[in-house]
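*Asks:* Sequence:
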Amino acid sequence: MIRHLRTPLLAATLAVSLSACIGLGGKTPPFLLTLDADAAPAAGAARTAADASTLTILIPTAPQKLRTTRIPVQQDDSSVAYVKDAQWVEAPQRLFQRLVSETLSARTARVVLDEGQYLTAPGEQLAGQLMEFGVDARTGEAVVVYQAMLVSAGGKTVSQRRFEAREAIGGRIEAKPVGEALTRAANKVAGEVTGWLGG
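Residue numbering for the sequence shown is 10 to 208, as defined by our numbering.
Please keep in mind that the hints were generated in silico from the structure rather than gathered at the bench.
There may be inaccurate statements among the hints.
[Said to hold, decoys possible] Lysine-lysine pairs mimicking DSBU-like chemistry, simulated, CA-CA at most 30 Å apart:
#1 Lys93 x Lys197
#2 Lys185 x Lys74
#3 Lys74 x Lys93
#4 Lys197 x Lys185
#5 Lys197 x Lys74
#6 Lys93 x Lys185
Build out the structure end to end from the sequences listed, making use of the hints.
*Replies:* Written as C-alpha cells, this is what we have:
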C-alpha cells in the first residue's frame with residue numbers, strides 16, 4: 010500500500026517544486042507595451058529592386074540599461090530606476106527596428122528588408138545605436154536617441170546622423186503615459202530617419 014502512494018506523492022511534490030521555480034521571475038506586469046507605427050505599408054503592394062538598391066534595417070546596438078524589456082528612468086546623471094509594472098513585449102531595439110522598417114516601407118518606394126530576410130547582397134544597410142529609449146525624470150519627458158549609420162552597398166561609404174526626440178509624459182511616470190510618449194517619440198525619430206534616407 011505504501012508503495013502505491015509514493016508515486017502520486019512524489020509527482021505532487023515535483024509539481025509544487027516546478028511551479029515554485031517558474032514563479033521566481035515574479036508576476037507578469039499589468040502592462041506589456043509595444044510600439045505602433047504612425048504609418049504602415051499598404052497590404053498587397055508589390056515592389057521589386059535589384060540587390061544593390063534594397064535597404065536592410067539592422068537591429069541597433071544598445072547600452073546595458075536598454076538590454077532589458079523594462080523601461081529605464083534616468084533620475085540624475087548617475088542613477089537609473091525602472092518604470093513600475095511596465096515591460097515591453099520584446100527588446101526595445103527590436104521594436105524600434107521594426108518601427109523604422111514599417112515607416113520606411115510606408116513612406117518611400119524602397120524595398121526594405123529585415124536583416125533576417127535578405128538572401129543575397131543586403132544592398133544599403135542602416136545600422137546604428139539606440140542610445141536612449143526611456144524617461145528623463147528631471148524633465149518629465151520620454152526620450153529617444155538614435156545614432157544612425159548608413160553603409161552603402163558594398164561598404165564603400167558610411168554616413169552617420171544622430172536623431173533625438175522628446176515627448177512630455179504629462180503626469181506621473183506610469184506605464185500607460187510613458188508607453189504612449191515613447192511611441193510618439195519613436196515615431197518622430199522614424200519619420201526623420203525616413204526623410205534622411207529618402208526614397
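*Asks:* If a hint holds in the structure, say so; if it does not, say that too.
*Replies:* Against the structure, the hints come out as follows:
no.: 1; hint: Lys93 x Lys197; verdict: holds (25 Å)
no.: 2; hint: Lys185 x Lys74; verdict: holds (20 Å)
no.: 3; hint: Lys74 x Lys93; verdict: holds (15 Å)
no.: 4; hint: Lys197 x Lys185; verdict: holds (19 Å)
no.: 5; hint: Lys197 x Lys74; verdict: holds (22 Å)
no.: 6; hint: Lys93 x Lys185; verdict: holds (11 Å)
In summary, this structure violates none of the numbered hints.
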